[in-house]
Each structure stands twice: as C-alpha cells, then as structure tokens.
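Protein chains in written order, with the numbering used here: chain A, 1 to 256; chain B, 1 to 323.
To be clear, the hints were calculated from the coordinates, so they are not data collected in a lab.
Please read these numbers as outputs of a predicted model, since none were measured by experiment.
Take these hints with a grain of salt, some might be off.
Result set (DSSO-like, lysine-lysine): computed pairs, CA atoms no more than 27 Å apart in a straight line [stated by the list, open to error]: (1) A/250 <-> B/165; (2) B/181 <-> A/105; (3) A/16 <-> B/282; (4) B/313 <-> B/289; (5) B/139 <-> A/16; (6) B/4 <-> A/254; (7) B/214 <-> A/254; (8) B/28 <-> B/3; (9) B/139 <-> A/67; (10) B/181 <-> A/254; (11) A/254 <-> B/188; (12) A/105 <-> A/46; (13) A/218 <-> B/4; (14) B/214 <-> B/289; (15) A/218 <-> B/28; (16) A/196 <-> A/79; (17) B/181 <-> A/250; (18) B/192 <-> A/144; (19) A/254 <-> B/3; (20) B/188 <-> A/250; (21) A/79 <-> A/254; (22) B/220 <-> A/250; (23) A/133 <-> B/319; (24) B/282 <-> A/228; (25) A/67 <-> A/79; (26) B/192 <-> A/250; (27) B/319 <-> A/250; (28) B/143 <-> B/3; (29) B/320 <-> A/218; (30) A/16 <-> B/181; (31) A/250 <-> B/3; (32) A/46 <-> B/289; (33) B/192 <-> A/254.
Chain B is nowhere near these chain A residues, computed Cβ spacing over 10 Å in every case [said to hold, decoys possible]: (34) 107; (35) 132; (36) 161; (37) 205; (38) 232.
Cβ atoms here follow ideal geometry from the backbone N, Cα and C, with glycine treated the same way.
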Amino acid sequence: MNIYVIMKRTFDTEEKIQIENGIVNEDGAEFIINPYDEYAIEEAIKLKEKHGGEVTLVTVGDEDAEKQIRTGLAMGADKAVLIEDEDVENGDQYSTQELLAAYFKDKEVDIILGGNIAVDGGSGQVGPRLAEKLGFNHVTSIVKLEIEGSTAFIERDVEGDQEIIEVQLPLLVTAQQGLNEPRYPSLPGIMKAKKKPLETLDLDDLDLEEEDVEGKTKTVDRYLPPEKAAGRILEGELDSQVSELVSLLKNEAKVI
Amino acid sequence: MSKKILVVGEIRDGEFRHVSFEGIGAAKQLSGDGETVGVLLGKSVSALANKMIHFGADRVITVEHDNLSQYTPEGFTQALQAVVEQENPDGILLGHTSMGKDLAPKLASRIGSGLVSDVVSMEVSGDDVVFIRPIYSGKAFEKITVEEGLTFATIRPNNIPALEKDESRTGDVASLEVDVKDLQTIIKEVVKNTSSGIDLSEASVIVSGGRGMKGEENFKILDELAEVLNGAVGASRGACDAEYCDYALQIGQTGKVVTPDLYIAVGLSGAIQHVAGMSNSKIIVAINKDPEAEIFQIADYGIVGDLFDIVPKLTAEFKKVLA
C-alpha cells in the first residue's frame with residue numbers, strides 16, 4: 001500500500017503567544033508536530049503494519065521542520081519529503097494545495113492522511129483542497145478507519161454525531177482526536193530515523209513558477225486580544241454570593 | 001459598492017441552523033447596493049426558502065435532488081458549483097460548521113479560489129473587507145484580505161449578527177436543475193449522540209461541567225440550571241473521558257467551539273484544550289473549589305466553593321429573578 005501523510009510543524013499552542021508588529025515571536029518557542037497530524041502518522045503506520053507497503057511523510061515548510069519530520073520517521077514512517085516554501089509569496093492554503101498537488105501528480109497513491117486542522121492556523125482547508133485537486137474522494141474528521149481491498153470503512157465525527165461511511169480508494173482522510181493514541185518513538189526508532197531518506201524539493205523541482213503558488217488571500221495583521229480585566233471573585237456568605245452573581249449578570253453584564 | 005453574495009443555508013432535522021441567517025447578515029454588509037442570494041441544497045427544501053428572505057436574502061435559489069438528501073462532499077459540490085456558474089457571484093458565505101468546513105475548501109479548490117475560514121468579524125469599508133479570525137487556538141487573531149478572486153469565507157456561528165426576521169419581506173424563489181450523480185461516498189448510517197434541544201454551537205447560554213462533577217448522575221444539576229436559562233449543557237474533555245457525559249457535549253479544540261453570551265464553567269480547571277473552545281464567550285462565570293484553577297484567569301465572575309452547594313442555589317436564584 002502506498003501511504004502518505006501530509007504533516008505540519010506547528011507552534012505549541014500550550015505556549016504563551018507573543019506578537020510584535022503583526023509577527024509572532026518564535027524566539028525560544030517550542031515547536032511540535034501538529035497534534036492532529038500525529039494521529040494521521042500513527043494511523044498510517046498501523047495501516048502499513050496491517051497491509052504492508054510504505055509510509056511517506058510530506059511537509060511544506062522550511063528546513064527547521066526537519067526535527068519534526070525525524071520524529072515522524074522515528075515513529076515508524078519510511079521516508080519523507082520537505083517541500084520548501086521560502087519562495088512563495090503571501091502563502092495561503094491555496095498555495096499549499098498547489099505545492100502538494102504538484103508533488104503528488106505523478107505519484108501512485110492509495111491513501112493520504114492528514115490532520116483535521118492545524119492548531120496554529122486552524123483553517124482545516126488543505127486536506128479537502130488537495131483531494132479535490134487530485135480527483136480523490138475525501139472524508140474529514142475521521143475517528144475510525146478500516147480498509148478492505150479498495151474500500152475504506154470509516155466513522156466520521158460530525159459535531160458529536162457519527163457517520164458510518166463506505167468510500168473507494170484512492171482517498172484522502174483527515175484525523176480527529178479519538179482515532180488512535182499516537183506511539184512514542186522508541187530509541188532504536190530514533191537511531192534508525194537519522195538514516196531514513198529525506199528529500200528536499202523547491203519550486204523548480206516541482207516545475208512551478210512563483211505566480212503559480214501565490215496566495216489568493218493575505219494576512220495583513222496578527223494581534224493578541226485586548227487583555228481581559230481581572231475577573232471578580234465574589235466573597236461573603238454563599239447565599240449572598242449567589243444572589244450577587246445573578247444580579248451582576250442581570251444588571252452589569254446584561255446577559256440574562 | 002455593489003456585490004452579489006451567495007449565502008449557502010444549512011438545514012438540520014428540517015430546520016435552519018441559525019448561522020444561515022447570520023451569513024445573510026454578513027452578506028448584507030458585504031453586498032452594499034448589490035444582491036444577497038440564498039442558496040438551499042437538499043432533497044426537498046423549497047418550502048423553507050422563504051425564511052431566508054424573511055431574514056434578508058433578496059432571492060433564493062434551490063437545488064433539489066434525491067442525491068442531496070444528506071450531505072456528501074461530491075453531491076453538494078456539484079450542486080453548489082452549478083449555482084456558482086449560473087450566478088457568477090462576487091462572494092460566497094457558508095457557516096463554519098461540519099458541513100461548511102468540508103464543502104467550502106473542496107469547492108474553493110475546484111474553482112481555483114481563495115477561502116477565509118472561521119471568520120468571527122469583518123471590517124467593511126467601501127468595496128474592501130478585512131476578515132478577522134482566531135489563530136493559535138483562539139489565543140490570537142489575524143486580519144485577512146482577499147487579494148484575488150472571490151470573497152469566499154466560512155463564518156463561525158454566533159458571532160456575526162443576523163438581521164431581525166421580517167415576514168413581510170418578499171423575494172423570488174427559483175429552482176435550478178442539476179443532475180447530481182456519481183456519488184462515491186456512501187453514508188450507511190448516522191449515529192445520533194446529540195440529544196434534542198438547543199444546539200451547543202448556537203446556544204446563547206451554556207452551562208459546562210468538568211471533572212469536578214464527579215459522576216454522570218451529577219450532570220442533572222447542570223441540566224436544571226441550563227433549563228432555567230434556556231441554555232445548553234456542555235462539558236470538558238476530562239468529563240467526557242471520565243464518561244460523565246457523551247462526547248457530543250465536548251467543548252474545546254477537539255469538540256465544539258462556542259461563543260455564547262454567558263458561559264458558566266462548573267468544576268472545570270480551564271485547560272488550554274478546553275479554553276480554546278470557549279474563551280471568546282462574552283461573559284464567563286467560573287465555579288470551582290480550587291481558587292488557583294486556571295479558569296479563574298479568564299472568568300469575569302467567580303465563586304470559589306463546592307459546586308454541589310452553589311449550583312442548586314444558583315438555579316433557585318435565577319428562577320426567582322427570571323420569574
């Protein structure tokens with residue numbers, strides 16, 4: 001089976017975010033594999049364990065992503081591709097779609113797995129966009145996956161309800177929490193990962209011009225929400241706290 | 001300024017999701033002297049079309065087909081693409097719901113368009129619009145402009161106001177024939193976990209429980225509080241993992257993102273996973289026995305104490321005041 005995972009290096013959103021002049025300050029920040037992509041990597045490795053084949057990780061980013069790619073390889077993926085986006089102007093989800101589609105166009109693919117969203121940008125667009133561009137079926141937000149022959153049996157999370165779906169390969173799916181528990185890389189896995197192939201591609205390698213991948217939208221500013229004034233912790237007898245709270249919600253906050 | 005904006009309505013269990021009307025409200029801001037056109041896709045939807053007009057759409061286009069009886073990416077993309085080709089709009093809006101998140105990027109890819117996801121507000125001046133959307137799990141925001149092509153966006157429920165409903169508004173409802181075919185995705189079954197009642201993502205009051213609830217049976221006191229406030233009950237991941245309630249109630253980065261007017265957090269610590277799903281609520285009340293709990297950092301009002309004492313008293317007090 002030819003199994004691919006599209007993964008992204010992201011800022012760890014457990015961290016404090018600092019923004020200066022519209023730019024997120026990344027100094028000293030912790031970077032991780034996007035947590036939803038970790039589910040995708042785990043599921044890809046499980047598919048390989050069951051059906052055989054090869055797992056390839058594909059990332060769009062810069063050379064700093066090698067650390068996260070090596071972690072994915074240490075989990076059990078076989079090889080990886082880094083598509084460099086430094087020449088992409090105003091990169092947006094359209095740009096990423098075009099870069100990935102150019103990479104995949106001559107590949108034999110059974111399934112591509114990705115995360116449901118990335119915790120940094122949070123748009124969740126790239127999976128369905130890429131599937132459409134490749135002419136594949138897609139199923140987003142999956143919590144269960146079984147493949148028999150060329151048919152996938154899937155449970156999809158729909159805002160708390162579950163859809164039971166049957167769909168044909170080739171297929172792109174995006175992982176929701178609950179799909180699996182990602183494994184930790186083993187020590188031998190980490191040693192092996194250092195020698196696994198990592199191919200780096202740029203626009204020229206993909207036969208793309210800068211204008212082919214220019215974004216359709218542009219981020220013009222980023223900012224932190226205004227700092228919230230410290231909340232009021234009520235004091236006194238419990239009964240009077242309760243009546244004070246109700247009165248505040250009614251008369252001060254005016255939400256009831 | 002004069003633009004034609006399509007708003008794709010969403011119907012669930014025979015009723016509109018309110019975000020459909022919020023989309024019309026947003027389109028009215030964008031369209032200026034132009035036109036706001038409602039779009040309804042489904043097996044049998046034209047009877048509902050007038051409601052989009054009551055909420056401000058100038059006219060409505062319906063596409064009805066047996067293959068649209070439930071949402072599938074291919075079926076709805078085929079139908080919506082046909083509407084887009086007929087209407088040649090300047091913009092398209094959908095709700096940032098399970099359907100919108102799935103359909104909008106597929107259509108954007110097919111028609112080579114940009115797309116701004118999960119918009120919570122807009123700054124419109126003349127022909128220009130700046131979309132504002134949360135990033136980093138709601139810890140920050142970004143402003144986005146459209147550089148080329150369609151103004152295509154999904155909007156987060158409960159953030160952009162709908163217009164007042166006015167049943168005297170009239171407008172044309174036209175159907176478009178589309179041969180929706182070759183569906184590859186077969187939905188065998190839908191397992192409903194969500195109870196009837198108020199949709200969490202659209203509720204104006206949410207009462208939410210965490211691990212401090214200590215058991216499934218104790219969620220009853222949250223139900224009672226929510227009922228008095230005409231609200232919905234939610235939960236943290238911790239409470240769901242502990243099987244106190246169904247995952248359908250989960251609010252957070254995984255689960256639902258909510259923006260109610262009033263969010264009452266009961267016995268939950270305020271982990272980032274959860275806060276990402278509710279931090280933009282207008283007013284947050286925290287009830288927790290641990291004064292150091294992180295939820296107090298983002299709360300507008302807090303009571304430190306035993307939730308099993310506080311919640312029933314609170315329910316009684318609301319009953320009294322709202323009677």
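Hint consistency between residue 143 of chain B and residue 3 of chain B [alpha-carbon to alpha-carbon, up to 27 Å]: holds (21 Å)
Pair hint residue 250 of chain A and residue 165 of chain B, alpha-carbon separation not exceeding 27 Å: Satisfied, since the Cα-Cα distance of roughly 25 Å is no more than 27 Å.
Restraint check for residue 139 of chain B with residue 67 of chain A, where alpha carbons must lie at most 27 Å apart: Given pair residue 139 of chain B, residue 67 of chain A holds - Cα atoms ~25 Å apart, limit 27 Å.
Hint consistency between residue 254 of chain A and residue 3 of chain B [alpha-carbon to alpha-carbon, up to 27 Å]: Judged against 27 Å, a Cα distance of about 36 Å means the pair is violated.
Straight-line alpha-carbon gap residue 313 of chain B to residue 289 of chain B, limit 27 Å: holds (16 Å)
Least C-beta distance between residue 107 of chain A and chain B, which was stated to exceed 10 Å: Given a closest Cβ separation of 18 Å, the condition holds.
Distance restraint between residue 181 of chain B and residue 105 of chain A, which requires alpha-carbon spacing of 27 Å or less: holds (25 Å)
Restraint status (C-alpha distance of residue 16 of chain A to residue 181 of chain B at most 27 Å): violated (49 Å)
Residue 192 of chain B paired with residue 250 of chain A [C-alpha distance capped at 27 Å]: With Cα atoms ~35 Å apart, residue 192 of chain B and residue 250 of chain A exceed 27 Å; violated.
Holds or violated: residue 319 of chain B to residue 250 of chain A, with C-alpha atoms at most 27 Å apart: Holds. Residue 319 of chain B to residue 250 of chain A sits at ~13 Å (cutoff 27 Å).
Agreement of residue 139 of chain B and residue 16 of chain A with the hint, judged by alpha carbon distance not exceeding 27 Å: holds (8 Å)
Pair hint residue 28 of chain B and residue 3 of chain B, alpha-carbon separation not exceeding 27 Å: It holds: about 10 Å lies between the C-alpha atoms, which stays within 27 Å.
Hint violations for this structure: numbers 6, 7, 10, 11, 17, 19, 20, 21, 23, 26, 29, 30, 31, 32, 33, 35, 36 and 38, all remaining hints satisfied.
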